[in-house]
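Peer 1: Residue strings, one per chain:
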Amino acid sequence: MTKNYIFHNAKELLEHCHNHKMSIWEVMLNYELQLSKKSKKEVLKMLGDRLKVIFDSIDAAVKNPEMSPSGMVGKSTPLLAKAVRDFKKWDKKLLLNEAATRAMLGAVATGENNARMGVILAFPTAGAAGVLPGVIFGAKHKLKLKEEQMLEMMLTASAIGVIIANTATLSGAAGGCQAEVGSATAMAAAALTEVRGYSPETSLHASSLALKNMIGLACDPIGGLVEVPCIKRNGIGAVFSMAASDMACMGVESFVPFDEVVRAMREVGDMMNPKIRETALGGLAVTPTGQRVAEKMGLLNIGTNPCSK
Amino acid sequence: MTCKDILAKKIVLVHTPSALQAPMSTFSLFDIAGPIMVGPSSSHTAGAAKIGQFARAIFDSTPTKAHFLLHGSFGEVYKGHATDRALLGGIMKFAPNDGRIKEAFEVAKEKKIKYAFEPGNLGSGYHPNSVRITLENKKRSMTIVGSSIGGGNVIIIQINGFDVHLTGNSAEQYFTLVVQNENLPGMLAKITGFLGNKGIRIVNMQSCYLALENKVLSVLSIEKALTLKEILDLESEDGILFVRTLNKLAQ
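Protein sequences appear in the order of chains A and B. Residue numbering for the first sequence follows my numbering, starting at 1 and increasing by one per position. Residue numbering for the second sequence follows my numbering, starting at 310 and increasing by one per position.
Just so you know, these hints were derived from the structure itself, not from any lab. A couple of the hints might just be wrong.
[To be verified] Calculated pairs, BS3-like style, for lysine-lysine (alpha carbon to alpha carbon, straight line, at most 25 Å):
(1) K411/B with K52/A
(2) K533/B with K41/A
(3) K38/A with K533/B
(4) K296/A with K388/B
(5) K418/B with K448/B
(6) K75/A with K423/B
(7) K402/B with K447/B
(8) K423/B with K448/B
(9) K507/B with K38/A
(10) K423/B with K402/B
(11) K232/A with K142/A
(12) K89/A with K75/A
[To be verified] Here are a few chain A residues that face chain B, going by a calculated C-beta distance under 8 Å:
(13) M28
(14) E32
(15) V53
(16) M67
(17) S70
(18) M72
(19) N113
(20) A115
(21) I120
(22) L121
(23) T125
(24) G161
(25) V162
(26) A165
(27) V226
(28) V268
Even for Gly, the Cβ is constructed at its ideal location relative to N, Cα and C.
Build the full structure now, drawing on both the sequences and the hints.
Peer 2: What follows is the structure in structure tokens.
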């Protein structure tokens with residue numbers, strides 16, 4: 001009988017890890033091989049191409065900062081890049097370390113590149129595309145990661161993404177920002193934990209800690225654009241996932257198991273008013289500042305349907 | 310299935326063996342780590358480019374005129390999300406990850422393609438992110454309606470007023486084949502026989518009659534891509550007008 005690697009939830013994932021004596025990333029790789037019938041070489045090549053997109057996207061925003069067409073975002077990347085370039089000087093003032101500062105830069109640069117129509121990897125979505133590039137960019141420097149280790153991080157993160165997509169949703173229109181940036185921080189926390197040599201269980205604790213921290217987060221983008229608050233939320237989300245991973249590495253466990261956290265996230269999403277599910281009819285979108293920008297852009301009457309995005 | 314269900318499940322309107330075997334939808338690694346796309350929005354930019362690409366592939370020649378009727382949210386927010394540039398880029402064969410989408414207006418002018426965007430209403434029952442694309446040139450005129458259903462995934466729902474259901478397949482293991490033929494007896498047998506002789510399995514197939522032209526359009530999901538020679542061979546059969554593979558649309 002051929003071996004089975006398909007999983008839909010954390011319980012099944014952990015069973016595969018134990019039965020096959022594999023880490024999460026190895027199970028995810030075999031899951032994809034089983035599902036797509038592609039060769040290992042082909043899958044790793046496709047992942048490698050996506051890793052290149054991640055770094056190219058950060059690079060594009062750092063080297064050539066540009067305001068988005070709405071004029072709302074584009075200024076943060078150069079500020080963060082300056083702190084990263086000159087970190088020795090900034091180290092005295094900043095509370096976070098160099099890896100976290102780089103993570104903020106990687107996440108914000110990806111978001112600002114997306115807003116000005118640069119090429120990005122939607123990982124897992126365009127709105128939450130900054131968190132994983134951020135933590136990979138930050139961890140690479142601190143942990144001196146090789147390319148294959150970064151591909152492993154992408155696989156571990158995707159396994160968490162598969163679980164959330166199956167049990168809840170990754171879409172802000174369906175589940176609010178908790179489903180987008182929240183999911184991305186859970187994915188990133190597991191990736192950061194496993195790449196440092198911790199067990200699948202510890203990695204899932206990191207995911208739970210991260211996602212619990214994001215439950216209830218509204219999706220309330222000004223003018224319906226993937227700009228404010230999305231981009232900086234990605235930047236701070238990247239740091240959240242580092243905190244969750246660090247806590248798990250110290251041995252802190254999530255009291256609620258990951259599958260239950262994901263179900264809770266879905267239930268909270270179902271309870272959310274459509275006004276805070278990517279329709280730009282509530283939250284930050286309807287603040288005086290938000291309305292002013294939307295009016296200027298001619299975007300005032302958008303998104304009357306929660307499924308519109 | 311409501312649009313929320315589709316969004317929540319993200320995809321899987323495609324016939325894949327995995328979807329048939331597994332009780333729940335089974336996501337590919339690259340559904341999570343992907344797509345690679347030009348920002349800012351997967352449904353309003355990446356999906357729009359994919360619908361455009363699809364329309365162009367079915368139209369099968371360079372249009373000189375393109376009209377886009379933008380329905381629902383597409384009509385409301387298309388400027389801020391560059392839906393217009395993505396659609397126009399798509400009909401010039403730009404993939405969702407092609408950086409040239411940003412310059413689509415300029416490129417269209419160079420190529421002397423006349424284009425117009427018009428917010429409008431296709432009626433009730435259409436997904437809020439839908440567009441009706443009309444492409445024209447000396448040879449033909451064709452109308453295609455497509456919807457962007459979330460996560461960069463799209464469905465083509467009408468061709469020249471006829472209901473179809475073509476997905477912009479993200480499952481990646483299948484290839485889409487589009488064949489147009491004269492409205493003659495035995496044409497479908499000819500196509501399926503051709504594929505059978507090559508040992509290629511068909512996993513899904515749909516045909517629609519194009520009344521204006523008195524022709525038939527078929528869309529097949531097949532397990533192996535055809536080589537260029539095979540495409541030309543099939544195209545040279547009597548009654549077959551054109552054969553296109555849309556495998557590049559899967560990302």
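Peer 1: Holds or violated: is there a CB of chain B closer than 8 Å to the CB of M72/A?
Peer 2: Violated - the Cβ of M72/A stays beyond 8 Å from chain B, reaching only about 10 Å at its closest.
Peer 1: Taking only the CA atoms, is the gap from K423/B to K448/B under or equal to 25 Å?
Peer 2: 16 Å, holds
Peer 1: Does L121/A meet its interface restraint, that is, does its C-beta lie within less than 8 Å of any C-beta in chain B?
Peer 2: Check passed: Cβ of L121/A comes within 5 Å of chain B, closer than 8 Å.
Peer 1: Against the 25 Å threshold, does the CA-CA distance of K296/A and K388/B hold or violate the hint?
Peer 2: 13 Å, holds
Peer 1: Below or equal to 25 Å on CA atoms is what counts here, so check K89/A against K75/A.
Peer 2: 21 Å, holds
Peer 1: For the restraint on E32/A, tell me whether the closest CB of chain B is nearer than 8 Å.
Peer 2: 4 Å, holds
Peer 1: Is K418/B close enough to K448/B, meaning Cα to Cα at most 25 Å?
Peer 2: The hint holds at about 21 Å.
Peer 1: Checking one constraint from the list: CA of K507/B to CA of K38/A, max 25 Å. Satisfied?
Peer 2: Measuring from Cα to Cα gives roughly 21 Å; hence the hint holds.
Peer 1: May I ask you to test the interface hint for G161/A with respect to chain B, counting a Cβ-Cβ separation under 8 Å as satisfied?
Peer 2: 4 Å, holds
Peer 1: Would you mind confirming whether the straight-line C-alpha gap from K402/B to K447/B stays at or under 25 Å?
Peer 2: 19 Å, holds
Peer 1: Less than 8 Å between beta-carbons is the criterion; does N113/A satisfy it with respect to chain B?
Peer 2: 7 Å, holds
Peer 1: Holds or violated: is there a CB of chain B closer than 8 Å to the CB of S70/A?
Peer 2: Because about 7 Å separates S70/A from the closest Cβ in chain B, which is inside the 8 Å limit, the hint holds.
Hint check: violations occur at hints 6, 16, 18, 28; the rest are consistent with the structure.
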